[in-house]
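> This is what each chain is made of:
Number of protein chains: 2
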Amino acid sequence: MEELKAIQTLIDCLSKLPSIGKKSAERLAYAMIDMDENELLDFSNAIKNLKSSIHRCSNCGMYCEGELCSICQDENRDKNTLMIVSYPKDVVAFEKSQSFNGLYHVLNGAISTSKGISFDDLNVTTLFKRLADENIKEVILATNPNVDGETTAIYLAKKLEKYNVKVTRLAYGLQMGGALDYTDALTLNKALQGRQKIGD
Amino acid sequence: MEELKAIQTLIDCLSKLPSIGKKSAERLAYAMIDMDENELLDFSNAIKNLKSSIHRCSNCGMYCEGELCSICQDENRDKNTLMIVSYPKDVVAFEKSQSFNGLYHVLNGAISTSKGISFDDLNVTTLFKRLADENIKEVILATNPNVDGETTAIYLAKKLEKYNVKVTRLAYGLQMGGALDYTDALTLNKALQGRQKIGD
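Top line first, the protein sequences correspond to chains A and B. Residues 0 to 199 (numbering that gives the first Met the number 0) make up the first sequence, in order. Residues 0 to 199 (numbering that gives the first Met the number 0) make up the second sequence, in order.
Honestly, the hints are just simulated from the structure, not real lab data. Take the hints with a grain of salt, since some may be wrong.
[Claimed, not checked] Listed below are the simulated BS3-like cross-link pairs for lysine-lysine, each with C-alpha atoms no more than 25 Å apart in a straight line: (1) B:K50 with A:K21; (2) B:K157 with A:K15; (3) B:K114 with B:K157; (4) B:K114 with A:K15; (5) A:K47 with B:K21; (6) B:K22 with A:K21; (7) B:K47 with A:K22; (8) A:K47 with A:K15.
[As the list claims (entries may be wrong)] Pair ranges (Cβ atoms, derived): (9) B:L67 with A:Q7: 16 to 26 Å; (10) B:Q195 with A:T182: 42 to 52 Å; (11) A:Q97 with B:L40: 29 to 39 Å; (12) A:P17 with B:Q72: 31 to 41 Å; (13) B:S113 with A:L191: 50 to 60 Å.
Glycine is no exception: its CB is placed at the ideal position from the N, C-alpha and C atoms.
Bound-form chain A, shown alone:
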C-alpha cells in the first residue's frame, strides 16, 4: 500500500530533520493527522514565518530580531571576555547554564575538510574587526570537542596570536552525572591530564 500523498509529503519533510529517521517521521506524521486543525495551522505558520523574522546580529552573528542581539546590547555583560562558538545553539546552551556573562562571537560553522568549509567561510571578518575595535582581553575558544571544532580552535589560536589577548580553551573532562566506565578513553586521558588540585 502506498502512503497517501499528503502524508508522504509530510513524512518527506519530517525526514529532513536531524535524527528523525523514516520510521520516526511516519509516527510523527500520523500523530499530526490527529492534531487539532488550529494547532496544525499554528505549526504551519511558525515554520513559514521562521526565516522572515530571524536575522543575524551584525556584531556577533547570533540570531536576533533586530539589528543587534540582546546580548550585544546588554550593558551589564562583561565586555572584556569574548567566547567564540560555532553555532547559535551553543550560545543558547551557555546562556541557559548561566555560567558566562561575557560576549559571544558565532562563527556559524567550523573548518571541515569533509564538508569543504574553510576558515574564510566562517564569520571571521567581523571577529577581527571586533578584536581591533573592542576592548577584549580574553578570548575563550568554545568550538565543539570534535575534529572540526578542534581544527577550528587550533587555526583560530594561531590567527589570534597577533592580537594582544589571552586565548583559552574550554576544559575537557568527565561529564557531570556520567560514569567512568562509560567514558571513552580519549576523554579519560584528557580528564587525567587536566586534573586539578582539590581546593583550587
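Put chain B on the given structure of chain A with help from the hints.
Showing chain B alone in chain A's frame:
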C-alpha cells in the same frame, strides 16, 4: 536569555509531537533555521494541507483521499478475512509487512477508562453493518498488546459472538531479533503458553 519569539513558537509546536521533548524540539527548531527557505515553505504547506486532503474511508475508517480507501476498493483482497485494528498506522504497519491480504477495520482508538473512551466511542457502527452485509468468515483482533487494546479485544470478542464468524487474536511471543534476557516476564510467559510444535 529568552529565546526569540519565532523560535520559541516553533519549539512549542514541535514539543506537542509525541516523543519530542523540550530539548529535542530546541534542536529541531535550530536545525530548521538553517534549512532552505523553499524547504521550509514546503514543510509549512504540507502541514497546512494535511487535514483538508485526508478523509476517513466510509467503509473501514482508514485514511484515504476519496470516499473509499484503496484497500476496500481492491478486488484482489481476500474479502472473507477482516482484521480489526485500533489505528490507521496499524494498517500501514501490516501493509508494509506484506503478511496480510484481507480487509481491515479501523476502530480509531481503544476502550480506555483513563481517557474516558468507551466502546461506543469507537468506529463500530459500520463494523457491525459490515459483519451483517459482507461475507466475512474470520475476524482477527489486532488491537495493541496493552491494557486498552486487551480490554477492547475482550469486549469485541464478546460482541462478535452473535455473528457467525471465527474470531482470532494475534499471537504473543518473542520479538524477532530480540533476546530472551531482555524480554519481560509477561511476554516470556505468553511465549511459553503459546509454544508450538516444530514443523507445524
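> With reference to the structure, classify each hint as holding or not holding.
Status of the hints after comparison with the structure:
Straight-line distance between C-alpha atoms of B:K50 and A:K21 comes to about 21 Å, which keeps the hinted pair within the 25 Å bound. For the hint pairing B:K157 with A:K15, the CA-to-CA distance comes to about 46 Å; that exceeds 25 Å, so the pair is violated. Note on B:K114 and B:K157: the hinted pairing holds, with a Cα-Cα distance of about 22 Å set against a maximum of 25 Å. Restraint check for B:K114 and A:K15: not satisfied, since their Cα atoms lie roughly 33 Å apart, outside the 25 Å limit.
Restraint check for A:K47 and B:K21: satisfied, since their Cα atoms lie roughly 21 Å apart, inside the 25 Å limit. As the CA atoms of B:K22 and A:K21 are separated by approximately 21 Å, the hinted pair is consistent with the 25 Å bound. Our distance criterion of 25 Å between C-alpha atoms is met by B:K47 and A:K22, whose separation comes to about 22 Å. Between the alpha carbons of A:K47 and A:K15 the distance comes to roughly 16 Å, so the proposed pair stays at or under 25 Å and holds.
Distance hint check for B:L67 and A:Q7: the Cβ-Cβ separation is about 19 Å, which falls inside the suggested range of 16 to 26 Å. Between B:Q195 and A:T182 the C-beta distance comes to about 46 Å, which sits within the given range of 42 to 52 Å. About 37 Å separates the C-beta atoms of A:Q97 and B:L40, a value consistent with the hinted range of 29 to 39 Å. Between A:P17 and B:Q72 the Cβ separation comes to about 39 Å, which falls inside the hinted range of 31 to 41 Å.
Checked against the given bound of 50 to 60 Å, the beta carbons of B:S113 and A:L191, roughly 51 Å apart, stay inside it.
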